[in-house]
Amino acid sequence: MVNNPDIVVETKNLTKIYRDFWGRQKVRALKALDLQIQRGEIFGLLGPNGSGKTTTIKLLLGLLFPTSGEISILEKTASDVEKNEKIGYLPEESYLYRFLNAEETLDFYGRLFKMSGPVRRQRVSQLINMVGLDSARKRQLREYSKGMTRRIGLAQALINDPDLILLDEPTSGLDPIGTKNMKDLILELKSQGKTVIMSSHLLADVQDVCDRVGILYQGELKELGRVGDLLKVSAQTEIRAENLSEDAKKKIEQIIADDGATLTFSGHPTTTLEDLFLNIIAESEARPGRRVRGGGVKE
Amino acid sequence: MIFDKPVPTPAEFLTHNGLIWLLTIGVLIVAATAVSFLTTLVRYGNFSKGYQAFIQGIGAVFEDFFFLSWKRVWAIARLAVKESLRRRVLFIFAVFLVILMFAGWFLDRNAVDPTGIYLAFVLSMSTYLILLLALFLSAFSLPNDIKNKTIYTIVTKPVRSSEIVLGRILGFAIVGTALLCCMAVLSYFFVSFQLQHTHILTEKDLVAQKYTPEEQTEFQNSGKLYVTHTGTTRVANGHRHNLTVFSDGSIQIESANGHTHEASAKSADSNPASDVAGSARTRYAISPSKDILQARVPRYAVSPMIFRDDQGIDRLKGIDTGHEWNARGGIGSFTGSTNVAGIWTFENIRPERFPDGIPIEMKLGVYRTYKGDMEKRIRASISVRNPKTGLSIEALIFPTDEFITKSALIPLEFHDVAAKIEQRNGIDENNPAGAHLVTPEKKDESLTLKRDFNLFEDFVADGKVEIWLRCLDEQQFVEASLYDLYLRESDAPVVPNFFKGYFGIWMQMILVISFGVLLSTFLGGPVAMVSLFGVIIAGFSKSLLMDIAFGKNLGGGAFESLIRMLTQSNLMVDMNKSWGTAFVIMLDKISGGLLVVMGQIIPPFSDFAYYEQALQKGFNVPLSWMFVHGLATFGYVLPIFVVGYIILKNREVAK
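In order, the protein sequence lines correspond to chains E and H.
Mind the numbering: the first sequence is residues 203 to 501 in this note's numbering, read in order.
Mind the numbering: the second sequence is residues 7 to 661 in this note's numbering, read in order.
Derived from the structure by calculation, the hints contain no laboratory data.
Owing to the predicted nature of the structure, the values given are computational and were not obtained by experimental measurement.
All C-beta atoms in this analysis are idealised placements derived from N, C-alpha and C, irrespective of residue type, glycine included.
One or more hints might be untrue.
Okay, the calculated beta carbon distance ranges per label pair [what the hints assert, rightly or not]:
(1) E:Gly427 x H:Glu69: 36 to 44 Å
(2) E:Gly242 x H:Lys661: 31 to 39 Å
(3) H:Val602 x E:Phe267: 34 to 42 Å
(4) E:Arg323 x H:Val602: 51 to 59 Å
(5) E:Ser327 x H:Val603: 54 to 62 Å
(6) E:Phe267 x H:Glu69: 13 to 21 Å
(7) H:Thr21 x E:Arg323: 48 to 56 Å
(8) E:Lys316 x H:Ala184: 49 to 57 Å
(9) H:Lys661 x E:Thr466: 45 to 53 Å
(10) H:Val36 x E:Arg323: 45 to 53 Å
(11) E:Arg323 x H:Phe72: 27 to 35 Å
(12) H:Glu69 x E:Glu272: 35 to 43 Å
(13) E:Gly395 x H:Ser54: 38 to 46 Å
Could you build the full structure based on these sequences and the hints that come with them?
Written as structure tokens, this is what we have:
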């Protein structure tokens, strides 16, 4: 394997076959995956349910053992526990002890990193504050809503200030605000120079935050590259303008016609439902108690 | 006392059991290494790659032990404690409390040995509850973590599998220990308060001693203490105490049902103390019961105990009185020969240790033949003999009681009596079942003349003394074993001893927890629990299993027994010689061999019954037992921890 400190994760020919008790092959969850993830990037694993995204993440973490192939993660093997010092992991659903409250949960995970008492207490309250669970810090997790569980799960993943963060379906079960916050947070982590690997089947999420994506389908890597490159439609050009007069619009249409190109669409853009929703929430918080009028994005 | 099998001394244990332990561990390590090497090779399908991976794996194992962080172990232990508490483990304590509240209704306070009954009850109650708790906690915890996938967030932290296993064991041990301590404290108060009682004594219960006027004046002139009254107290808890009132007004109460009381008399008037007893104006105060719990420190005789038969031959076995299950032998004679005796030899008897004489305690069996008088108690005598000079003197004659511990004091002085010389015959070491006569040495007969004797000067030689027990009634037998007669050297403090008795339960709990955590590293919760239950049952019947394994029990092993059942053949009859029976016996040998191997792994839960029994019978639990058994427990926990770790490390927890 390459000893390049800029390559945070590298897999070679990584294959995972699930077998039953008798050793008979049940399913090939992952087929000969070759992957290199650079320091400081946000990498998205994209694919429909059952395509091998979670299997890949579990293999990287050593929760599963590969059937064949090699893994190098933070220059260590996947089975080396010491790699975990600098890794944060948010599982698909937050699998946490439901009998602990938020503070106890984070305190427990902090202890696993051998943090000293004062450091732990400071980090715990900082994280609880960051994920917005201040009011629920003493409640047992069994009473938490799905979104709250997700947030405490994220706090747990960040307790050790990791360099590499693996997020399995980070936005699943979150409301649009939660999703937005999660995406902001991922970008914030990137700005701190951390590497993020996330899996998702929600295309919009991946598109918004990821630098590069790998698209998995039935255990095989189908596409790998920069999001911008993958999505760029080179044959089309999009122009956006504000307060454009009808005259000017006509002129532009004329220029296009003169150039011999075809105008495929002209009109007012519609916003995405996500944008609309977020906007309404923002309006409501700014002026509580009033029905929000109109739509449209104000950016 | 109660044991057919003595607990080894720490030195014996370390040399003997320690070696077996090392051997077992060595075999396990070699086997485990071989198996893992082969599986690695098969997995990699290529020798050099497999070999490399194997070496790496071995390195990782060592790392996981030597870089194990106690901070993380403690974090996981804390979690286990919290988990148990939030799962309402303390409810068990409430159950215990409720049981104790109602137990008083059903336990018999009026029994001959109420302390034994009460202790047996609280000890077995604590054992059952705490072992059940240990069973459920340890068998379900790790499988639950895997089922709920909470293990994902643990193993993706820098936590080693060794820390997970050790943390669990430690955490549950803390919970169990705390709970067991509470149970012990509660049990202590339960037993002491439930059995606390006093008796009523009035002048009507006393009978004045009749003396002639001459005697009366003689007593008064001599100034010596004399008995003025005898009597019995009123009944409480189903018994009375006999008592004696002395001329100075002091009252001595005999022990009954294993305890005694103190008593004092006080006149309602301002009469002198000597006139108090028997007066109608006297008020008697009897203290609450004393010595309900005891912690006697016994000093046993050196092995072997000798049974002298009616020919005067020394043997290692007494007369067979039909007790199959214990080491007791009968002492007595059909012919009325005075030769017959049971002989205990005590060593290291120093006058400074026994300033008031040698206190002995006996718990003797009685075997009556039909020729005796059923109504009469069998009489027995105790003599002391100097092993060097052969000088022997009869110190005590007493009626025997079955099932009751009898205390007696061998006095320091014997006044104006004759002694005699007893010859001892050597035992043939090569023929321990029988014996042979050796020509008796010439002993100095002049020593026996009637005179005053001193216990330590005349009967103890180099700290050695022999105690001879004889049955004085013809054709009746007294039964005893090496541990049935001992010197009651001193008493240990009672309260610490009570907790030492609970140490046996504690070790059982630790073993159950460790085995539970081990099984839960590779089995699902319910399966782990049932398997653990199997381990516990096997542990409790380990001695039976070992007898079967070594072919010691009558009627052969499982297969032979089956044949015997089907053919309805007697246990004592040899099997027909045929190829069929040879085959069956061979099957038994094979299964016996497997059992022997398994037996090395199964913890001997029955050994820990010693603690309960010592407590019940009022004996001190020696620290040497605790050391030996504590070490044995550790000897189990250590490999269990290692095996559990290896299994967990090689398990795909996310599967």
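Evaluation of the provided hints:
no.	hint	result
1	E:Gly427 x H:Glu69: 36 to 44 Å	holds (39 Å)
2	E:Gly242 x H:Lys661: 31 to 39 Å	holds (33 Å)
3	H:Val602 x E:Phe267: 34 to 42 Å	holds (36 Å)
4	E:Arg323 x H:Val602: 51 to 59 Å	holds (56 Å)
5	E:Ser327 x H:Val603: 54 to 62 Å	holds (56 Å)
6	E:Phe267 x H:Glu69: 13 to 21 Å	holds (18 Å)
7	H:Thr21 x E:Arg323: 48 to 56 Å	holds (52 Å)
8	E:Lys316 x H:Ala184: 49 to 57 Å	violated (26 Å)
9	H:Lys661 x E:Thr466: 45 to 53 Å	holds (51 Å)
10	H:Val36 x E:Arg323: 45 to 53 Å	holds (48 Å)
11	E:Arg323 x H:Phe72: 27 to 35 Å	holds (30 Å)
12	H:Glu69 x E:Glu272: 35 to 43 Å	violated (21 Å)
13	E:Gly395 x H:Ser54: 38 to 46 Å	holds (40 Å)
Checked against the numbered hints given earlier, the structure breaks hints 8 and 12 and satisfies all the rest.
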